Amino acid sequence: MKFFLIIFLLAIAKVFAQTDWVKWGKANYSYELPNYIERNNYSLDEKNWERNLLKVTADAYWIFISDVDGDNCSFNPTCSHFFVQSVKMTNIFQGTLMFFDRFTRDSDIFGKVGMYPRVKDGHFYDPPSLYLLDKNKINYFPPSAVVNN
Amino acid sequence: MRYFIFFCLFFNSLSLAQEALTNHSNLFSPTNVRKFADYLFTQRDYLRAIEEYQRYPSILENDTVNFKIGFAYSEIGHNQQAAEQFLNTSSKSIFFDLSKLEYLKSIFKENNFEKYRYTFENLKLKENYIYFQKAKELFYFSYLFSDECLPPKVKFLETFSSNQNEISKFYDWKTDPPYKSALTAVILSSIIPGAGKIYTEKYADGIIAFLATGILGYISYTDFKAAHRFRAWVFSALTAGFYGGNIYGSAASAFIFNAKIKFDFIESLKNFLEKNNYFIPKINF
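Taken in sequence, the protein lines are chains A and B. Count the first sequence with the numbering used here and you get residues 66 to 214, in order. Count the second sequence with the numbering used here and you get residues -8 to 276, in order.
Among the hints, a few may not be true.
Keeping only pairs whose Cα atoms sit at most 25 Å apart, straight-line, the calculated BS3-like set for lysine-lysine is [what the hints assert, rightly or not]: (1) Lys200/A - Lys171/B; (2) Lys165/B - Lys200/A; (3) Lys253/B - Lys160/B; (4) Lys253/B - Lys202/A; (5) Lys185/A - Lys251/B; (6) Lys26/B - Lys253/B; (7) Lys83/B - Lys202/A; (8) Lys202/A - Lys261/B; (9) Lys177/A - Lys251/B.
Listed below are several chain A residues computed to face chain B (Cβ distance under 10 Å; list not exhaustive) [stated by the list, open to error]: (10) Val133; (11) Leu162; (12) Arg167; (13) Asp199; (14) Asn204.
If you are wondering where the hints come from, they were derived from the structure by calculation, not from laboratory data. Just so you know, these numbers come straight off a predicted model, no measurement behind them. For each residue, glycine too, the CB sits at the ideal point set by N, CA and C.
Put together the whole structure using the sequences plus the hints.
Okay, structure coming up:
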């Protein structure tokens, strides 16, 4: 009887131990950061020569500088993406002016905290649509807001 | 004796367990569900309170419950459902008059001010209607949200029975908002780089723009002086870019500043209305 009980208890322990293994099994988490290079569209699909010229410049900047240097711009969209988007939304002249203005704001050594809303990953939200000089296209968010982009 | 005590305790626990089970079976009776829903309502757990109220048709026969459901919808921002709920209030209900007001409030909260005014005029509320004055206050207040012409200040303010000072400030803000002129910002930045940004209260951006344009301009000047023509032209182009970009950015900054003023104004109005419960008297349920 005693042996039977011991064997029975051991068998139960083994079964539950097995269940525990499943419960506390190794999870396959990935700590790999998303590849920011993939968000760049390097293709030349523009029909407008001005935009193609700009795209070549932007591609060269991404390939030779930005991709090597890393994801350092504190804004979303980044300055180079801002430039591309600005020109797409306006024209090369206005887009260039918008870029210079953005570059000045990006060079702000006094700090940008509390001046811009943020997107979820912590970057400052500053889309070109705010700078088109069209009050109907300005979708204002206060600096305290977190924007879903 | 020990066995006797043991059996007493054993059977006692069994009988108590049975009693608990009997009570448990009554937990979902309409009376208990209503009590639980009322509790959830007082805890401001409105969504679950509505679910509980709607569990039995017999509970929904009660006017107070129906009003509470509408109120709960309104509180969680389901304004359309709230409006439907208040609109279906029976004319025999004690909450009939208040439901009309809550109905108007639901339309107002949808930011559909034209519909509010149209409904207010078409509900044909009599001037002796107990909440006519409140509905009228909300009617006039709606002009502050829209881009339409405001009624004359005296006529506008005399509608409100209280908070006239605060509403007067809103009126002044609406008629003369502290906007910044894009043209002034452009002119200022053309004269002194960065001045337009400072005018639109972007002080750090203004200083940076001044330094960037000034330093690059100075480098360009010294390069021309030293006959480094290529370098001088590169820096001249950069100076021109920063100078032009700053002028453009100052105008854009004025637009954003004005958008901020408008946003803050609307937020202040909403906060004022929330604080004053949309001019509707609060009910202590």
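**In rising order, the numbers of the hints this structure does not comply with** = 6, 7 and 10
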